[in-house]
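Hey, can you work out the whole structure from these sequences and the hints?
The sequence shown begins at 7 in this note's numbering and counts up by one.
No wet-lab data here; the hints were simulated from the structure. Treat each hint with caution, since some may be false.
Cut-off 30 Å, straight-line C-alpha distance, at most; resulting in silico cross-link-like pairs (DSS-like, lysine-lysine) [stated by the list, open to error]:
#1 K227 with K239
#2 K245 with K142
#3 K245 with K179
#4 K227 with K153
#5 K245 with K227
#6 K246 with K142
Here are the in silico distance ranges between beta carbons for each label pair [claimed, not checked]:
#7 Q253 with D106: 55 to 63 Å
#8 N87 with T215: 38 to 46 Å
#9 L115 with N163: 48 to 56 Å
#10 E178 with F157: 17 to 25 Å
#11 I232 with K198: 14 to 22 Å
#12 F157 with Q247: 38 to 46 Å
#13 L155 with G72: 38 to 46 Å
#14 P211 with P121: 42 to 50 Å
C-beta atoms are modelled at their ideal positions from N, C-alpha and C, and glycine is treated no differently.
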Amino acid sequence: MATVCLRRIVCTGLKPESRVMVSNFTRRDCGTPYLHTLTKLTTDVTNKDQDVNDLKPDPRERKAFGNVGRKIPHRILQVFNENGENLGQMHRADVIRVMDESGLKLVLLKDTTDPPVYRLMTGKQIYEEQLKLREKEKAKTGITQVKELGFSSDIANHDLEIKTKQMKQWLEKKHHVRITVRGKSASTDVEKMEILLEGIVQSIPNIATFVSKPKVIREGKAMMCILRHLSEKELNELKKQDKKNTQGNEICPQDSQNNKN
Numbered sequence: 007m008a009t010v011c012l013r014r015i016v017c018t019g020l021k022p023e024s025r026v027m028v029s030n031f032t033r034r035d036c037g038t039p040y041l042h043t044l045t046k047l048t049t050d051v052t053n054k055d056q057d058v059n060d061l062k063p064d065p066r067e068r069k070a071f072g073n074v075g076r077k078i079p080h081r082i083l084q085v086f087n088e089n090g091e092n093l094g095q096m097h098r099a100d101v102i103r104v105m106d107e108s109g110l111k112l113v114l115l116k117d118t119t120d121p122p123v124y125r126l127m128t129g130k131q132i133y134e135e136q137l138k139l140r141e142k143e144k145a146k147t148g149i150t151q152v153k154e155l156g157f158s159s160d161i162a163n164h165d166l167e168i169k170t171k172q173m174k175q176w177l178e179k180k181h182h183v184r185i186t187v188r189g190k191s192a193s194t195d196v197e198k199m200e201i202l203l204e205g206i207v208q209s210i211p212n213i214a215t216f217v218s219k220p221k222v223i224r225e226g227k228a229m230m231c232i233l234r235h236l237s238e239k240e241l242n243e244l245k246k247q248d249k250k251n252t253q254g255n256e257i258c259p260q261d262s263q264n265n266k267n
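This is the structure:
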């Protein structure tokens, strides 16, 4: 009886189906989970290292201008004092000592150099610099304001001077100015209104230019234009042109005198 049972066990173990089952069981329990887990861990570590190595500051992120305090992130600093004088390279411990003795605050100016550049400043200097930065940011992103003025074509000279002075103040603040001139009749005042608007621009040279040229509105009963401040490029070109004209005027009298001789 024992011999028969032993023979059945041996025969069962020799069947192909049993070997496949044992092989699959062994691979599933021992090989695959271990290799899968090892591969996953290796991938996670590699991705983590890649993220850390590729981490860069967002260039769109605005860095606040202000006091760094006593927790200076850099060991060696290039330091300027409150008057803009270069104090050379200093250890942060020495910088903290100077801050304590002088009552000044430390501001990071540039961290892309080696060593990074810092400046010692007073609280008032920091506040004024922050205001300047806000104004620059506002000028870049802010919407241009459009101011409006209206008057009749027969405005008195004194009143026109007051209006022009107001326009000049707005233009110097980089605002646009919309001017509307009202005429008495469509047939007679169009040319008069156009001359008036051209004269306003000529009365404030080096400041104003047209955004939109004078155009007739309200069926010829009024004329409208928009002024803006000259850009830096336009101002430079205008200065060059004025310089050429001045040099030409200086040369002309000499030429005329030579011709007489």
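(request) Against the earlier hints, flag every one the structure doesn't satisfy and list their numbers going up. (result) 1, 5 and 12
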